[in-house]
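2 protein chains.
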Amino acid sequence: MTDSLLARLRAVVGAAHLVTDAPEMAPYLTDWRGRFTGRALAVVLPADTHQVAAIVDACAAARVPIVPQGGRTGLVLGSVPDASGTAIVLSLRRLDRIRAIDPANRTMTVEAGCILYDIQQAALQAGMLFPLSLASEGSCTIGGNLSSNAGGTAVLRYGNTRELCLGLEVVTAQGQVWDGLRGLRKDNTGYALRELFIGAEGTLGVITAAVLKLYPQPKAALTALVALDSPRSALTLLGLLQERCGAALTGYELMSDFCLRLVASHFPDLPRPFAAHYPQYALVELSSSESGDHAADLLESAVGDAIDGGVAQDAVVAASVSQSIGLWKMREHIPLAQAAAGKNIKHDISLPVSRIPDFIECTDAALQAAFPACQVVCFGHLGDGNLHYNVAPPPGVGHGSFLAHQEAVKRIVHDSVAAFSGSISAEHGIGALKRDELARYKPAVELDMMRAIKAALDPLGIMNPGKIL
Amino acid sequence: MTDSLLARLRAVVGAAHLVTDAPEMAPYLTDWRGRFTGRALAVVLPADTHQVAAIVDACAAARVPIVPQGGRTGLVLGSVPDASGTAIVLSLRRLDRIRAIDPANRTMTVEAGCILYDIQQAALQAGMLFPLSLASEGSCTIGGNLSSNAGGTAVLRYGNTRELCLGLEVVTAQGQVWDGLRGLRKDNTGYALRELFIGAEGTLGVITAAVLKLYPQPKAALTALVALDSPRSALTLLGLLQERCGAALTGYELMSDFCLRLVASHFPDLPRPFAAHYPQYALVELSSSESGDHAADLLESAVGDAIDGGVAQDAVVAASVSQSIGLWKMREHIPLAQAAAGKNIKHDISLPVSRIPDFIECTDAALQAAFPACQVVCFGHLGDGNLHYNVAPPPGVGHGSFLAHQEAVKRIVHDSVAAFSGSISAEHGIGALKRDELARYKPAVELDMMRAIKAALDPLGIMNPGKIL
Chain X
540 MTDSLLARLR
550 AVVGAAHLVT
560 DAPEMAPYLT
570 DWRGRFTGRA
580 LAVVLPADTH
590 QVAAIVDACA
600 AARVPIVPQG
610 GRTGLVLGSV
620 PDASGTAIVL
630 SLRRLDRIRA
640 IDPANRTMTV
650 EAGCILYDIQ
660 QAALQAGMLF
670 PLSLASEGSC
680 TIGGNLSSNA
690 GGTAVLRYGN
700 TRELCLGLEV
710 VTAQGQVWDG
720 LRGLRKDNTG
730 YALRELFIGA
740 EGTLGVITAA
750 VLKLYPQPKA
760 ALTALVALDS
770 PRSALTLLGL
780 LQERCGAALT
790 GYELMSDFCL
800 RLVASHFPDL
810 PRPFAAHYPQ
820 YALVELSSSE
830 SGDHAADLLE
840 SAVGDAIDGG
850 VAQDAVVAAS
860 VSQSIGLWKM
870 REHIPLAQAA
880 AGKNIKHDIS
890 LPVSRIPDFI
900 ECTDAALQAA
910 FPACQVVCFG
920 HLGDGNLHYN
930 VAPPPGVGHG
940 SFLAHQEAVK
950 RIVHDSVAAF
960 SGSISAEHGI
970 GALKRDELAR
980 YKPAVELDMM
990 RAIKAALDPL
1000 GIMNPGKIL
Chain G
540 MTDSLLARLR
550 AVVGAAHLVT
560 DAPEMAPYLT
570 DWRGRFTGRA
580 LAVVLPADTH
590 QVAAIVDACA
600 AARVPIVPQG
610 GRTGLVLGSV
620 PDASGTAIVL
630 SLRRLDRIRA
640 IDPANRTMTV
650 EAGCILYDIQ
660 QAALQAGMLF
670 PLSLASEGSC
680 TIGGNLSSNA
690 GGTAVLRYGN
700 TRELCLGLEV
710 VTAQGQVWDG
720 LRGLRKDNTG
730 YALRELFIGA
740 EGTLGVITAA
750 VLKLYPQPKA
760 ALTALVALDS
770 PRSALTLLGL
780 LQERCGAALT
790 GYELMSDFCL
800 RLVASHFPDL
810 PRPFAAHYPQ
820 YALVELSSSE
830 SGDHAADLLE
840 SAVGDAIDGG
850 VAQDAVVAAS
860 VSQSIGLWKM
870 REHIPLAQAA
880 AGKNIKHDIS
890 LPVSRIPDFI
900 ECTDAALQAA
910 FPACQVVCFG
920 HLGDGNLHYN
930 VAPPPGVGHG
940 SFLAHQEAVK
950 RIVHDSVAAF
960 SGSISAEHGI
970 GALKRDELAR
980 YKPAVELDMM
990 RAIKAALDPL
1000 GIMNPGKIL
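Chains as they are written, first to last, in our numbering: chain X, 540 to 1008; chain G, 540 to 1008.
Simulated from the structure, these hints should not be mistaken for laboratory data.
For clarity, every value in this text was computed on a predicted model and none was experimentally measured.
Just so you know, nobody snuck in bad clues.
From the structure, some residues in chain X lie toward chain G, with a derived Cβ separation under 8 Å:
{"hint": "1", "residue": "Gly690"}
{"hint": "2", "residue": "Val694"}
{"hint": "3", "residue": "Asn699"}
{"hint": "4", "residue": "Asp718"}
{"hint": "5", "residue": "Gly719"}
{"hint": "6", "residue": "Arg721"}
{"hint": "7", "residue": "Asp726"}
{"hint": "8", "residue": "Asn727"}
{"hint": "9", "residue": "Gly738"}
{"hint": "10", "residue": "Ser893"}
{"hint": "11", "residue": "Ser962"}
{"hint": "12", "residue": "Glu966"}
{"hint": "13", "residue": "Pro982"}
{"hint": "14", "residue": "Ala991"}
{"hint": "15", "residue": "Ala995"}
Label pairs and their in silico Cβ distance ranges:
{"hint": "16", "chain 1": "G", "residue 1": "Ser840", "chain 2": "X", "residue 2": "Pro934", "range": "56 to 62 Å"}
{"hint": "17", "chain 1": "X", "residue 1": "Ala600", "chain 2": "G", "residue 2": "Asp768", "range": "55 to 61 Å"}
{"hint": "18", "chain 1": "G", "residue 1": "Ser940", "chain 2": "X", "residue 2": "Arg638", "range": "44 to 50 Å"}
No residue lacks a Cβ here, since even glycine has one placed at the ideal position from N, Cα and C.
Start from the sequences, fold in the hints, and give me the full structure.
Below you can see the structure in the form of structure tokens.
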């Protein structure tokens, strides 16, 4: 049975693109953080949508599960197979063509295996912006971004990946090709299938191509680092900047003093903009479609008024693009500094923006009560209500031994998230890692509807089983 | 059977809110344009979500179809029952509370029966903007806007209704309440159920409440009317304004000379900004989060450069809010002037923005070949690729007799839409009116997936049967 399936797949993609040799398969089986290695019957690398359809058709006939895979940079074990060894890994990496750019429609049609960075560059070369931006952009593929509805640092202005996509091409679980590659900004002709496949983590079908929205390239972007006395002040400043700057506010990141001390201790060469320390900092990015002067005037006057009004304690406004990059580097080095300090317990959560100050206060207190002197590394996309709320051991306690408390720490944090009407996965998705958490916190009515949709679109249950549901 | 169901419904809502008397039912059975009157067992008007759930539960037990209804302003026969007389009309009008406003989260929680205008006003009173705006805003309800994914004049900047909603409360086809009233900007925990119920026209369940996004109120909005030599120039001007103004461009409407002549002949008191006539006009709206001066500088310099560069022929920039309102009135009076001239054949279509000039040229030519001297009333939201492409009889031919050609005209227009990769329903939805057209133009794979989802979420087929599918 397996042999005849593999023969059929080999006939579809050619012998060079069907991998069954264990060492050659290995890189496709291990997750990005190296925490889990699964097993598979084979890794298959189709060249085009037609081949993807033939592979799904063959696997459906053989009742063999399929694990779609892109850049394999996901953080929730969504794109690696389980340990059973019964699945085929379907890598979309060879579907890497930019099929078309339509400047007057501000759209680009790309295949699932295109690297995000390459898409950003192609947009730039066409004089436009594809705004999706995240840490793994040099390795992740747009198929993975779509399947996980990736977030990143530009959501405040441009939305999540779902908002950046106008059309999809999908191979269904029955091996049929759905051509939904529309480039329309208004289309009310039936159910939101595009939205449904986006964020479904490959459990309903395989995204093979997409029509992406492009935006005008801003003339200038400018960054400021603002010192604040509390998360509540950070929220007040956010409201003030939104009132004053509207859509020109393109980034708003919160970082605690502990985060920046961590960065400074591991990366001493990075800028240290303030002589004093403050409890919190906001990284503010403003973009102007007019000019650099316009961005600077707007940012300086808004931040100046925030200081005069007592909302902010101090601020550094970048005087150049390179200074802006330096300020962003502080933000971007927080995960690297954490990694250098040792493993900690990570949470990717979101909350109503208004509830973040109370959430931080209550959750910090609950953690201190359970694990005295534990250290919270809290930073994230405050403008989207998305915190990376990570917990490190008390000083003197080994990171490895503290990981033994992972379940108890997670329970405190996620229970608090639920109490504040938040989400246990803001931008990373569910995969296999958070499946039990999802079952714990989602309403039964919602889980039932999700299961009904899964059964309707993938009745054989072959699409990425064990993920999400 | 019917009697016992009605008794059960009466027990749920009280005798005063179950209408079975024919004259009293009549207003709930006729569509907005007065083209169709259906029949029903009864009209039921619940007071809250709990009552909606009890009604759906009772109808499911009795296998009686339910037609959810809001302000009944839809244009595609989506919210009125068919002629069979077997259905219950479920009016959501009494669910009209604004449950909460969260200024710091920029969200508002509203019930389905709230009138759009009331929501706009409540946002304004809280110092914010709910941007959804359309002709029927004084009568339509947010439940209907959500169920039809309404568009309107602010889509270019703020998106369709789907993009303006963060969370839903839904009564499922099984009569269960799904509390998905989240106020989160990032939430990747499973399938896009919110997106799926939005735009489903009540065929999958009943939307009873929603969390809406609010925006900062712009400091100023300013309008210009720009004279152009062709739709292609209108497209060039759109690109130029997007480059120069970014998100400050909040409206971009195209109107042909024929449209404005029609308005002038029926409403002679409206402003006539130009002494000469030009083939096309663009109504441009710019909003500034900074000041009126900023909006004026930006608009005047961009429009001035468009004239200097030969893109535009002439322009009038409103010098005041009242002048801006006057220019918008010209646009808003096009449908009224059409109605005054007599019935014509309407199409609500969308296209990739880049293909609009060729679409207009080809479709106009095809119509002239089939119906020499017929008159096309073409206007719409060019920034969204959405045209209201309506066809009036040749001079001297009666509007009534020309309506006999409706099917042939529609076939020419919709075949052309399909050839240019467009949509036969941009913002009005499908309802019962366009169901056959949907079946004609949608790929079979897509229709099959829609049917599978319908069967999965509404296995008894009681939710608004005969609409969409």
